[in-house]
Each structure stands twice: as structure tokens, then as C-alpha cells.
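Protein chains: 2
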Amino acid sequence: MNHSKMTEILRLKSPADFIGRQGNGVISFGSGQPDLPPPQEAFQGIDLKRDLRYGLIQGEVKLRESLAREYPGSTAGNFVITNGASEALDLIFRGWSKGEKVLLPRPYYYSYPPIIELAGMVPVYTDLVDGRIDLDDFKKKIKDCRAVLINSPSNPTGRVEAIETLKEIEKITQKLGIYVVSDEVYKDLIYERENYHINGDHVITVNSFSKTYCMCGVRVGYLWSSDKKVVENICEMKTHTSMNTNLVGQDMALSAMRAPKEYITKQQQIWRQRRDYIYKGLVDLGFDLWKPEGAFYVLPKCKNAREFLSVLYNDFKVITYLGEWFGAPDRIRLSYALDISQIEEGLGRIRQAMQKVTVL
Amino acid sequence: MNHSKMTEILRLKSPADFIGRQGNGVISFGSGQPDLPPPQEAFQGIDLKRDLRYGLIQGEVKLRESLAREYPGSTAGNFVITNGASEALDLIFRGWSKGEKVLLPRPYYYSYPPIIELAGMVPVYTDLVDGRIDLDDFKKKIKDCRAVLINSPSNPTGRVEAIETLKEIEKITQKLGIYVVSDEVYKDLIYERENYHINGDHVITVNSFSKTYCMCGVRVGYLWSSDKKVVENICEMKTHTSMNTNLVGQDMALSAMRAPKEYITKQQQIWRQRRDYIYKGLVDLGFDLWKPEGAFYVLPKCKNAREFLSVLYNDFKVITYLGEWFGAPDRIRLSYALDISQIEEGLGRIRQAMQKVTVL
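Line order of the protein sequences matches chains A and B.
The opening residue of the first sequence carries number 0 in numbering that gives the first Met the number 0; numbering runs sequentially from there.
The opening residue of the second sequence carries number 0 in numbering that gives the first Met the number 0; numbering runs sequentially from there.
Incorrect hints may have been included.
Any copy will do: because identical chains look the same in the list, a pair fits if it lies in one copy or spans two.
[To be verified] In silico BS3-like cross-links for lysine-lysine, where the CA-CA straight-line distance does not exceed 27 Å: (1) K48 - K260; (2) K290 - K61; (3) K166 - K140; (4) K142 - K300; (5) K48 - K265; (6) K228 - K300; (7) K61 - K302; (8) K142 - K166; (9) K265 - K290; (10) K140 - K302; (11) K48 - K61; (12) K61 - K142; (13) K166 - K355; (14) K142 - K227.
Calculated directly from the structure, the hints in this document are not laboratory data.
Remember, predicted model here, so these are calculated numbers, not experimental data.
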């Protein structure tokens, strides 16, 4: 094995470092984004020659009105449109006091701890049990936190929390007056049931057009809160830190929302087929993993994960991510945002790489 | 006068609160953005159906290569494309340590103190003398700072620092190893001379397509640094806080750069005419103000500024901004991003309002 190449790949510190490493026969199980195209509606009626002066910091009224129809009892005033879900999360935590604690189920999306720490807050962890929140541990640790950040369906576990768990979290946090930040960017990618919008006056929901409408690079997300003070405080910060979210992107998001419901259900079918294919494939290879119920990630256990990652990349041109980036050492993360044919080819290469590294 | 309306207008805390208050006979000297259209080139060749998956965090290569041709000795690696100059500034200060000081010439752009404070840093001020940096005071105060943030041409003063002053700042800060953050978003709107790019390995330049190409709402800005570690650190943060800058906006920015030089010189002519008109008009009304040499703002002295602002808005439908938002109490800020005919009408209303409030 080429040692300098191995060093290079292990020097990469986060998934973002892999952007642009596809092509040339590489099979990437890395990228956390749909490979499918946006709906045709996203492009229809977009007028680039619209008024391109500053827009409202809170976001375009029509887009927020359209979102309000998806959130029962809401108005346009409950939303702030942001540069993707990332900026929504960043602004939410920056609005709280430095030194306060945020509870984080582990494994977590790799940006969560840095976002919390950049805001000067302190992440504390509750370890998932069989990929799900352990309410006993949750109850113990939530008490001295300002907020909890949950993500269902979850990147990187693919797990969806039971509705009873989500309702229990609503109740516990409501009673204690602790905020729930609910990152629901995969809400339209659940295979088992409809999404359950966690709700209440202490809930801040984060969402995005990226995954539902396959437009990650357009960077349009949003947050919802029933607390007008939260909305005002976030708009005040955003006035200084980025101003309005890009207007053409907001127009495209609004247009995309006109896509028929079948666009989403057809996507779900495709994702379910891929999920079934990769899950069976990895089980057949002997991996121990949770069956995804949403999103498009699997997180199998994997001994010698760093070495396996290097061998896969350098000798077999297969990109996977280290579980440790997501707080899950001894696991690797695979995204199945790939054609079945590519998943098949990738699984074949993984089978070969398993001859070189002990992973089970 | 309607007291509740007066209360309303004085409750507004920052210029951003005025967005959307135009129309219906209102003359707005408020908005800090061009009223002119973007160049036709900005719309040419834009393909919305491009690859809309995540782009590079640092920004599109072609756009950065195009910028590099404007910065002698630079490569694409020296730039990070951001959601406007605002995000560039925000990320720069977040990259430094909490509690460190940042020197800020006063009057300042209204977002500077909040951006510095949000990053946990501490603004310290050097008061301008006749609208220009006082190098003696600058030298005294810079010593225990991590950085200085300068803005030439300046919003809100309209002043352009002399090239000798900028070179002196280069020298002083280089010697002390202190960073200069140079916000040059009005670089193409100087009436007196070419822009002087302040330079050096401790300089971080912030810039934008917003003012030069009249596309504020598209939110594409950038930063330049010769220090690869600064660039890497900022990309690392942006990976978590917003990911890539919106791709369609970056395409529009690249296309806009193809506009002929005459687009910019023609704009400068228009701004110069307006500057001459409003400057003479305000002097004739008896106001004491600096003559703008760049950007599109005047900052006349004004007694009873809060009352005058209310009377102007409520009784005469004229929007102006309080100097105190920019660290300049007893002044008001007027933007002249308006047709001459509107400036004329606005000045007439100001003359009438001066009958009601003592401002000189």
C-alpha cells in the first residue's frame, strides 16, 4: 500500500474534505446528499432579473407563508430562512449564553459539537442504545442543560425515534423549561411512517430544502419557533452575520415546494430500495449494523476502521467515512446516495478489501 | 405629531429594520445599497440546472481564479467565497480568541461592534478626526489589540483614507504583528483615485459583489488572505456554520465580472453627480458635513437627531438613519442611492422639517 496516500486520507479531518474526490472510477459512500435531481418545478418561473436588492432578513414572505401551511397553527412570523440548516443551528446556539450545556445524543452529525463549541457552549453526551435515545440516561443528563439537540431521522445512524419517545421528550423538556432543537432535515425521508413534528413553545425546529428537493448547494434552510423572541433574536444576529439568505435560492425553494407529493413518495421508494439492497449486502458480508428507518446512512461496526478506510480508498477507490467523526469509533459510515449498480460494485470491492483487513 | 408612530420609528434599533418600509411616497435616504440594476452580464449564461449538490466550502474554483487576477501575486487558494462581506467578517473574528481586543475607527459601520462582540472579542475605539484616522491615537491604541478593522471608503462617513495613511497602517501593524481586516466593499466607488489594496501577510481583505455589481440580495462576498492558515481555519468553521456559498449566486458573481470596465466607470459618474447634488443641497441648508470621496453616504451634524428623524418619517415620509447607530451621536446618515429627482424632493422635505425641529 502506498503509505503517503494512506497518510493523506487519514489526514482528512471531516467529511467536507472529501468534496471533489469523486470521479475516475471512485465509488463514494461518503457524501451526505442526494444524487437525484431536483424537481422540475424548482426551475420553473425563476426570474433572475427580479429585484436583487437586500431582502428581508427573516426571509421572503411568500416562502414563509408557504412553509406555514406545513406547520399547523403557524404563520410566516414563526420562520427564519437561513443559509441551509447549518446556519439555522449556528444562530440558535449563538443566541444562548456561553458556558451553558447542550445535550447531544451520540453518535451525532459531525458538525454538532463544533457548532455548539463555536458558540461557546458545552456539549454533553447521552449514548444511544441500539441506535435510539435512552430516556433514562436522557432524563438524568438533561437537567442542567440549556437545550438538547435531536436529529430524527438521524445522520449517521439512519434511525428514527419512536413517536412515544419524541412525545416523552416534549413532556420532559416542557416541564423543565429546556429547549429542544429538533433537526428534521430528513423528515421527508422516513420509510416507516410519517414524520412527527416535535412541538411546543420551547421547541425550535430546523429544516432544509436540501434533502427533500435535492438542492444542497443552493443552501436554503429554515428554523421554526413559536416563540417570537427567539425569532427576533435570531433575526437580529443574522442582520450582522449574513443579512438575507440568497434571494434566487429562496425563489427556487418556493418553486420546488410546488412539486407534486409524488415527487417525494417516488424518492422514498428509491431510497427504500437502496436501503434494502445495502442493508442486506452488508449483513451478508457479516457486518453488525442497525437497519435504517430514514435518511440514507448505515453505520456498521468495523474493527481497524482507520486501516480499512485507507485500504478501501487507496487500493479499491471506495470512499467511506470514519465513525469516529460522528462520535462512533469502531464503526464506519456509508451513505447510500448511489445507484443500486454502484452500491453493488462498491459492496464487491468492500468484500475484497475485507481480505486485507480484519474488520469483523 | 402622532406619538405612537414616533415611538414606533424610534423603537427601530438598526437600519435593517427599515427594509420594506419604502414605497407609498416615501423618500428613503436610508438603504445602504445601490438602486441601479446589475450589469446584463450577471444574467448571461446562468444555467439553473447546473449541478446543485454541495460545492467546495472555499468557493467555486473559477470564481476564485477570476478574483486572483484582480489581486497581484494571488492564486485561487487565497480566497474564500462567503455569504456577503458580512459572513466573511463574522468568520474572521470568530477565528480569534475570546476576550482579545479589536480596534475600530469611530464612526463605524453599524454591524461592526455586534460582529466583534458576538465573536466574544472586545471593540476599542479610535475616534476619527475630520472623518479620517488619527494616526497618533491609532498608534497608542493598536498596541494591545489582536486586529484593527478599517473601512475605506467608509460607511457611514463617505471618506477615503489617504494612501499614505494606509501605507503607514501597513507598516505599524506589520511591525507589531497585528492583523488588519480591511473591508473594501466600496473599492469601486471612489471618486478621487483608484483603490489602494492594503497589503501584507497580516492583512485580511474583505470584499463583495454587492456594491460594485448592484446585487446585494444575491449575497456573494469574499475574503482574501496570503496566510494559508487563516484561509484553512475559516474554511473549517464555514464547513460547520453554513457550508458552501449558494452556487447560483457564485455563478452570477462570476458572470458579472465579465461586465466591461465602462459599467463601473459609468456607475462612478452617476454616484459623483448624486454626491455633488446632495452635498451642495445640504451645505445650502446650513448643515455641517464631510464631503464624501467614495461610497454613497453623508453624515451631517444634526441637533435633536432623534426628534428630527421622527418628524421626517412621520410628517414628511422621509427615511434617514440615526448617527448614533454608527457611533456618531448628533449626526444623521443619509444614503444617496436615489435618483437626483428624488434627492431634490427629499431635500425639499428636509427644508420643511427644519421649520419644526432645531437641527443646526
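Hint-by-hint comparison with the structure:
Proximity of K48 and K260 under a CA criterion of 27 Å is satisfied inter-copy only: 21 Å between copies versus 29 Å inside one chain copy. In this assembly of identical chains, the alpha carbons of K290 and K61 never lie at most 27 Å apart, being 39 Å within a copy and 41 Å across copies at closest. For the identical chains of this complex, K166 and K140 are intra-copy neighbours only, at 18 Å inside a copy versus 55 Å across copies, given an alpha-carbon limit of 27 Å. For the identical chains of this complex, K142 and K300 are neighbours neither inside a copy (31 Å) nor across copies (54 Å), given an alpha-carbon limit of 27 Å.
For a Cα distance limit of 27 Å, the shortest separation of K48 from K265 across copies, 20 Å, qualifies, whereas the shortest one inside one copy, 33 Å, does not. Taking the closest pair of Cα atoms, K228 and K300 never come within 27 Å of each other, the shortest separation being 43 Å inside a single copy and 35 Å across copies. Neither within a single protomer nor between protomers do K61 and K302 lie at most 27 Å apart by alpha-carbon distance, with minima of 51 Å and 41 Å respectively. Taking the closest pair of Cα atoms, K142 and K166 come within 27 Å of each other only inside a single copy of the chain (17 Å); across copies the shortest separation is 56 Å, beyond that limit.
In this assembly of identical chains, the alpha carbons of K265 and K290 lie at most 27 Å apart only when taken from the same copy (21 Å versus 62 Å across copies). Taking the shortest Cα distances, K140 and K302 never come within 27 Å of each other, neither inside one copy (30 Å) nor across copies (56 Å). When the C-alpha separation of K48 and K61 is checked against a cutoff of 27 Å, the pair qualifies both within a copy, at 18 Å, and between copies, at 23 Å. Neither within a single protomer nor between protomers do K61 and K142 lie at most 27 Å apart by alpha-carbon distance, with minima of 39 Å and 50 Å respectively.
In this assembly of identical chains, K166 and K355 lie within 27 Å of each other by CA distance neither inside one copy nor across copies; the values are 46 Å within and 60 Å between. Taking the shortest Cα distances, K142 and K227 sit within 27 Å of each other inside one copy (25 Å), while across copies they are farther apart (43 Å).
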